[in-house]
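Starting from the known structure of chain A, fit chain B onto it as the hints suggest.
Each protein sequence line maps, in turn, to chains A and B. Counting with the working numbering, you get residues 1 to 305 for the letters of the first sequence. Counting with the working numbering, you get residues 1001 to 1400 for the letters of the second sequence.
Certain hints may be false.
Stated by the list, open to error - Facing chain B, according to a computed beta carbon distance under 10 Å, are these residues of chain A, among others:
hint: 1; residue: Tyr85
hint: 2; residue: Met86
hint: 3; residue: Glu88
hint: 4; residue: Arg90
hint: 5; residue: Pro94
hint: 6; residue: Leu105
hint: 7; residue: Ala303
hint: 8; residue: Ala305
To be verified - Pairs of lysine-lysine, DSS-like flavour, derived with a Cα cap of 25 Å:
hint: 9; chain 1: A; residue 1: Lys15; chain 2: B; residue 2: Lys1221
hint: 10; chain 1: A; residue 1: Lys275; chain 2: B; residue 2: Lys1391
hint: 11; chain 1: B; residue 1: Lys1221; chain 2: B; residue 2: Lys1391
hint: 12; chain 1: A; residue 1: Lys95; chain 2: B; residue 2: Lys1005
hint: 13; chain 1: A; residue 1: Lys122; chain 2: A; residue 2: Lys97
hint: 14; chain 1: A; residue 1: Lys95; chain 2: B; residue 2: Lys1022
hint: 15; chain 1: A; residue 1: Lys122; chain 2: A; residue 2: Lys95
hint: 16; chain 1: B; residue 1: Lys1391; chain 2: A; residue 2: Lys113
hint: 17; chain 1: B; residue 1: Lys1221; chain 2: A; residue 2: Lys95
hint: 18; chain 1: B; residue 1: Lys1005; chain 2: A; residue 2: Lys97
To be verified - Counterexamples of contact, computed for chain A against chain B with all Cβ distances above 12 Å:
hint: 19; residue: Gly110
hint: 20; residue: Leu170
hint: 21; residue: Glu236
It should be emphasised that the hints constitute simulated quantities derived from the structure, not laboratory data. Given the structure is predicted, the values throughout are model-derived calculations rather than measurements. Positions of the beta carbon are idealized from the N, C-alpha and C atoms, including for glycine.
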Amino acid sequence: MAGIPLAFAAMLQIKDLHKRYDEVVALDGATFEVQPGRMLGFLGPNGAGKTTAMRTIFGLVTPDAGEVLWNGAQVTTDDRTRFGYMPEQRGLYPKMKAHDQLVYLGRIHGLDKATAGTAATKWLETLGLEERSADPVERLSHGNQQRVQLAAALVHDPELMVLDEPFSGLDPIGADTMADVLRRESAAGKAVVFSSHQLDLVEDLCDDVAIINRGKIVLAGRVKQLKDAAPIRRLELEMDGPSGLVLSHLDGIRSADMVDGRHVLMIEADTDVRKVLAEAESAGTVRHFIYSTPSLTDLFREAVA
Amino acid sequence: MSGFKGVWLVAARELRERGRSKAYLISSVFTIVLLLGAIFVPALIGGDSTTHEIGLVGEGGQELVAAAAELAEQRAEGEPAEQFETHVFDSVEEAESALNEGTIDVAVVDGTELLTRGAGFFGGSSADSRLQESAATVRIQDLVVENAEAAEVLNLLASEPLEVRILGDASEEEQAIRGAIAFGGLILMYMAVLTYGTWMLSGVTEEKTNRVVEVLLSTLKPWQIFAGKLVGIGLLGVGQMAALIVIALVALRLNDSIDLPALPLDSVVALIGWFILGFLLYATLFGAAGSLVSRMEDAQNAAAPLSILAVIGYLFSFTALGDPGGPVAVVGTFIPFTAPYVAPIRLAFGEIGGWEMALSVLVTIATIVLMVRLAGRVYSGGLLRFGSRVKWSEAFRTGA
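Okay, chain A solo, but in the shape it has when bound (with noise of 0.2 Å):
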């Protein structure tokens, strides 16, 4: 990617995207940026945009203003050959043979037939599929479909990689292969971008992420960097004693629940706990006490919110 300006180095960028539906707003100035090697988590609640936004860059939706910009231009059809897509509905030809499945969608992709060939091998193996290569799709279990949806979305080593919901329905043993695989890509410099509800999952893999919200990006950066900056900080709190007492002398909480015995509160990130665990151990015995910074859920329901 030598003499393109750094500026541009942000492979994929969305910009301002707008898209109504009747009634229906879908986007509302969706913007965010997808980078080679850094994977992205793309969040939000059901309804928010996500599948809207993420079909806006394969242009099978055309937004109604904003655009999709590829290496700071104009995303064309010929970019999108080098573009990999996981629709959130799964979608596979269930009487094809899983080999011939991958051949097509890689040579509809720009490869030749000997290249598609051997990469529809190489990824069947991969997945631990070779097996099953010669089978109709409609034959394999559901996690071995989902695998197959994967190399479908691999085939032709897309430069760039959108997944909507790739861990939906994947067993823990399917999620760990979805998981390695997409850290290799992203590894090897690919860009990647994902949506997802498993949270926990994001936080693990992604280095970026984006949160919609009502067709708006409502908070986007780099995962470490968003809870640092954040307003608020988790607290943790077990004890034997009067603990509504002492945390009735807390400012600034933000929410509060009980897990398991446990208080789990949001409060603001410039609160004094000091004070709080003092009047803790004062009050009686503290047996568990966490001060961090929020985890990915609590920002997302903070973002949402």
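Leaving out everything else, chain B in the frame of chain A:
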């Protein structure tokens, strides 16, 4: 990816996957079996021996019939041979009226002339060819006895030894052949429109049902998918139809029960041309209908208006078959949805003027172009709308 490369990839997948699918193979085999049955079964049921009724006028005929019977005996190889019955007439006129009434198949006059009614497409008689054969044999034997030159023998072999006179209007035979072609063509056209239209319909809906269309659309344009499907299914359809026609012709020859007419070339070419136009016109619309629904159960409903249109066109054409020069036929020539049925019929009967044909083709092609644009827009508007059935107008409005 260039536009046509994408179209070809889609078409090639369609050819490969559909072509080797059980449904395609079974439907092909089934139709072929049905066809062969229609050709061979009547001959099998019709008894193991054929009786030719031969009229004789004057001298010399008896000898030819005897020779024909002998040849038939040799040919039969143990099977019951063809029988020859003779009826003697005092005059040529009497023989002619017997021919017209159908009591005899042919008549031999003075051992030199053959009177026939002219073979229609159905129920033509092979008696005349049997007699020509025997006449040739008899003459060759005579020549051998006379020790004639080889050149004379060859000359004889190359010609028909008996002079043939066909009774009545000479063009009747050709009319019958043309009528048969028109009728066969009409049925083929109707089958093709409904069968391949339905393939297009279910092919499009299937991709929506299993959602693969979203992956395809991420790199292919809607028109590429649509055109690829049309080409792939069209080729499979042409292949199936061509196989049917070839097998039917070969079977007719083998069976020998019907004198295979020399097909008027203009009719055949026009039939193929109209077959393609008819397929494009209807399949385009069926494909658009398929894009409106997400489930196979809904597909037939969405296509119901089109099926009705196809059936109306078909029924309409029967009027044209009965009266190819009549007002209904003339009007039908210029309605794009009936033209693929009606125009070949009128051509087969020679009842269509050059300008009428040109205008009919033009109207149909213009409609196809219009329909392709309309269908393409409906298709692109309908493709990504899942769930309940999308309205035509709605899909058209949102399509690109």
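Each hint, compared with the structure:
The closest approach between the C-beta of tyrosine 85(A) and any C-beta of chain B is roughly 4 Å, which is under the 10 Å cut-off, so the hint is satisfied. Look at methionine 86(A): its Cβ gets to within about 8 Å of chain B, closer than 10 Å, so that hint holds up. Contact between glutamate 88(A) and chain B, as hinted, is supported at the beta carbon level, the nearest pair being about 9 Å apart and thus within 10 Å. Interface hint at arginine 90(A): satisfied, since its Cβ lies 7 Å from the closest Cβ of chain B, which is below the 10 Å cut-off.
At about 6 Å, the closest approach between the beta carbon of proline 94(A) and any beta carbon in chain B falls short of 10 Å, and the interface hint on this residue holds. Because the closest C-beta pair between leucine 105(A) and chain B is about 7 Å apart, less than 10 Å, the hint holds. Interface hint at alanine 303(A): violated, since its Cβ lies 28 Å from the closest Cβ of chain B, which is beyond the 10 Å cut-off. At about 30 Å, the closest approach between the beta carbon of alanine 305(A) and any beta carbon in chain B exceeds 10 Å, and the interface hint on this residue is violated.
With a C-alpha separation of about 23 Å, the suggested pair lysine 15(A) and lysine 1221(B) falls inside the 25 Å cut-off, and the hint holds. Proposed proximity of lysine 275(A) and lysine 1391(B) is contradicted: the alpha carbons are some 66 Å apart, above 25 Å. Between the alpha carbons of lysine 1221(B) and lysine 1391(B) the distance comes to roughly 22 Å, so the proposed pair stays at or under 25 Å and holds. At most 25 Å may separate the alpha-carbon atoms for a hinted pair to count; lysine 95(A) and lysine 1005(B) meet this at roughly 24 Å.
Of the supplied pair hints, the one linking lysine 122(A) and lysine 97(A) holds, its CA atoms being roughly 15 Å apart against a limit of 25 Å. Of the pairs offered as hints, the one joining lysine 95(A) and lysine 1022(B) holds, with about 11 Å between alpha carbons and a cut-off of 25 Å not exceeded. Note on lysine 122(A) and lysine 95(A): the hinted pairing holds, with a Cα-Cα distance of about 21 Å set against a maximum of 25 Å. About 39 Å separates the Cα atoms of lysine 1391(B) and lysine 113(A), which puts this hinted pair outside 25 Å; it is violated.
Between the alpha carbons of lysine 1221(B) and lysine 95(A) the distance comes to roughly 23 Å, so the proposed pair stays at or under 25 Å and holds. As the CA atoms of lysine 1005(B) and lysine 97(A) are separated by approximately 22 Å, the hinted pair is consistent with the 25 Å bound. Distance check for glycine 110(A) against chain B: the nearest CB is about 5 Å away, which does not clear 12 Å, and the non-interface claim fails. Chain B leaves leucine 170(A) outside its interface by the beta-carbon criterion, the shortest separation being 18 Å against a cut-off of 12 Å.
Every C-beta of chain B lies more than 12 Å from that of glutamate 236(A), the closest at about 43 Å, which supports listing it as non-interface.
Violated hints for the displayed structure, listed by number in ascending order: 7, 8, 10, 16, 19.
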